[in-house]
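Protein chains in written order, with my numbering: chain A, 1 to 254; chain P, 1 to 161.
Note that these hints are calculated values from the structure, not bench results.
Treat the hints with care, since some could be wrong.
Stated by the list, open to error - Once the Cα atoms are required to be at most 30 Å apart in a straight line, the calculated DSSO-like pairs of lysine-lysine come out as:
(1) A:K60 to A:K118
(2) A:K112 to P:K118
(3) A:K165 to A:K104
(4) A:K240 to A:K165
(5) A:K118 to A:K104
(6) P:K19 to A:K216
(7) P:K75 to P:K19
(8) A:K112 to P:K19
(9) A:K118 to A:K165
(10) A:K216 to P:K118
(11) A:K216 to A:K104
(12) A:K216 to P:K35
(13) P:K75 to A:K240
(14) A:K216 to A:K165
(15) P:K110 to A:K112
(16) A:K118 to P:K19
(17) A:K60 to A:K94
(18) P:K110 to A:K118
(19) P:K75 to A:K216
(20) A:K165 to A:K112
(21) A:K112 to P:K75
(22) A:K58 to A:K94
To be verified - Computed far set for chain P versus chain A, every beta-carbon distance over 10 Å:
(23) Y122
(24) A127
(25) I129
Idealized CB from N, CA, C, for every residue including glycine.
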Amino acid sequence: MTTTFEPTSTTDDAGAVDSFTVTMQVRRYQPEFHEEGYWESWTVEMHGTDRVLDALHKIKWELDGSLTFRRSCAHGICGSDAMRINGVNRLACKVLLKDLDTSKPITVEAIKGLPVEKDMIVDMEPFFQSYREIMPFLIADESQEPTRERLQSAEAREAFDDTTKCILCAACTSSCPVFWTDGQYFGPAAIVNAHRFIFDDRDEGGDMRLEVLNDKEGVWRCRTTFNCTDACPRGIQVTKAIAEVKQAILARNI
Amino acid sequence: MSSQQLNIAAPRSGDIDPKYLRQSASSSSNREMFKWVFMRISGPILLVLIFVHLFSNLMVGDGVHGLNFGLVAGKWASPLWQIWDLTMLWLAMIHGTIGVGTIIDDYTSKDRTRVGFKVALYLASVAIIVLGTLVIFTFEPCMTDAAGNLMDNSPSFCFNQ
């Protein structure tokens, strides 16, 4: 999918950044004007240091102000700008244009499986509802709070370290083919965030969360296609986390 | 600092549009878990059952040329192959039914279509399992024609009676 960018020595002054033209093919959805979505392309002059998000900014700021997408921090932390770039879910602020094949148009679409509201903006509420249902907060013995710290060993922390990295961008859940066809499925992100508390030895709500995920629409819907692991911009081993939750439910019930 | 009372409804706190609420299917059963475990266990067992079955039918002895009524009849005279084929039948049918059921769930969007396909699937599976089981246990290896002569290709032990 990605091609390496060969730096060309066309510029004489060292330190100058190469520039190139790139065609951005964007899936538009403007419900005020068109009932159906359609593709629109712009060719823009970009630099070797630019990301897909910069190209979208350039289009929005200089060519077509109606282009609509979410972004907040623009540095891969807030998780607002997950989108489908060349057919795979990525954060627009983390994909460098030079890492893509710029000889072909770069396609940008809204993430799949959630209702599109406008251009790249989808209704995230079903996603957050699944997140709420797995109770993403510490459930602990109230008799000792808040008199002292809840100490934890480094080893105990290691068990769920990977799943603490989630930024709720929905790249994983909206890359999951099971979620595309079954919108009721909790999805990888909710399971990852449940994993973060289930395997936290300070937390006492693990059984409740395992019960929630033992649902018809819970972990058993997962068919280990690894799309989520590939999509995660934080490098979380999502499928592994789901498998660990499956094992925990099995261990509890058998 | 102004003492003005801020009264901004906290977004997404308890005030959730009902359309986002999960249509909760009574979750207290372990049905999905057992289905998942069954698929994981029956898969490897089926691999062994099926490949030994293929090997014994197609490779041993005359191989594919020796495959006739007599071979099947001879196999089912032995309790080992009866149990073997019975296990293979049940595991394969249940494994396949769960798998196809999942595919139906994936590819049907209307409830009526899904229920229709599921009913057809379950009826077909039950019919095949019942018929197959019946055949394995009530099989008559030494069949005779109208004149009372043994059929061609009957297993050898029929001729010794």
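How the hints compare with the structure:
This hinted pair checks out: K60 of chain A and K118 of chain A have alpha carbons roughly 14 Å apart, not beyond 30 Å. Under the criterion of a C-alpha separation no larger than 30 Å, the hint pairing K112 of chain A with K118 of chain P is consistent with the structure, at around 27 Å. Among the hinted pairs, K165 of chain A with K104 of chain A is inconsistent with the structure: their alpha-carbon atoms are about 33 Å apart, more than 30 Å. Restraint check for K240 of chain A and K165 of chain A: satisfied, since their Cα atoms lie roughly 14 Å apart, inside the 30 Å limit.
The straight-line distance between the Cα atoms of K118 of chain A and K104 of chain A is roughly 25 Å, inside the 30 Å bound, and the hint therefore holds. Under the criterion of a C-alpha separation no larger than 30 Å, the hint pairing K19 of chain P with K216 of chain A is consistent with the structure, at around 19 Å. Proximity of K75 of chain P to K19 of chain P is assessed by CA-CA distance (about 59 Å); at most 30 Å being required, the pair is judged violated. Restraint check: the Cα-Cα separation between K112 of chain A and K19 of chain P comes to about 19 Å, which is no more than 30 Å; the hinted pair holds.
A hinted pair counts as satisfied when its Cα atoms are at most 30 Å apart, and K118 of chain A with K165 of chain A qualifies at roughly 29 Å. The hinted pair formed by K216 of chain A and K118 of chain P meets the criterion: a straight-line CA distance of about 17 Å does not exceed 30 Å. The straight-line distance between the Cα atoms of K216 of chain A and K104 of chain A is roughly 43 Å, outside the 30 Å bound, and the hint therefore fails. The suggested pairing of K216 of chain A with K35 of chain P holds, with an alpha-carbon distance near 11 Å, which does not exceed 30 Å.
With a C-alpha separation of about 44 Å, the suggested pairing of K75 of chain P with K240 of chain A is violated against the 30 Å cut-off. Distance restraint check for K216 of chain A and K165 of chain A: the Cα-Cα separation of roughly 27 Å lies within the 30 Å cut-off, and the hinted pair is therefore satisfied. At roughly 20 Å between alpha-carbon atoms, K110 of chain P and K112 of chain A fall within 30 Å of each other, so this suggested pair holds. Distance hint between K118 of chain A and K19 of chain P is fulfilled; the C-alpha atoms sit about 20 Å from each other, no more than 30 Å.
A threshold of 30 Å between alpha carbons decides the hint, and for K60 of chain A with K94 of chain A the separation of about 18 Å falls inside it, so the pair holds. Using a Cα cut-off of 30 Å, the hinted pair K110 of chain P and K118 of chain A holds, with the two alpha carbons roughly 26 Å apart. Between K75 of chain P and K216 of chain A the CA atoms are separated by roughly 42 Å; this puts the pair beyond 30 Å, and the hint is violated. Under the criterion of a C-alpha separation no larger than 30 Å, the hint pairing K165 of chain A with K112 of chain A is consistent with the structure, at around 22 Å.
Simply put, K112 of chain A and K75 of chain P have alpha-carbon atoms about 53 Å apart, too far for the 30 Å limit, and the pair is violated. For the given pair, K58 of chain A sits about 16 Å from K94 of chain A by alpha-carbon distance, which is consistent with the 30 Å threshold. Consistency note on Y122 of chain P: stated as away from chain A, and its beta-carbon is indeed over 10 Å from all of that chain's, at 18 Å minimum. Remark: the non-interface label on A127 of chain P is consistent with the geometry, its nearest Cβ contact in chain A lying 27 Å away (cut-off 10 Å).
Once the 10 Å rule is applied to beta carbons, I129 of chain P is consistent with being away from chain A; the minimum gap is 24 Å.
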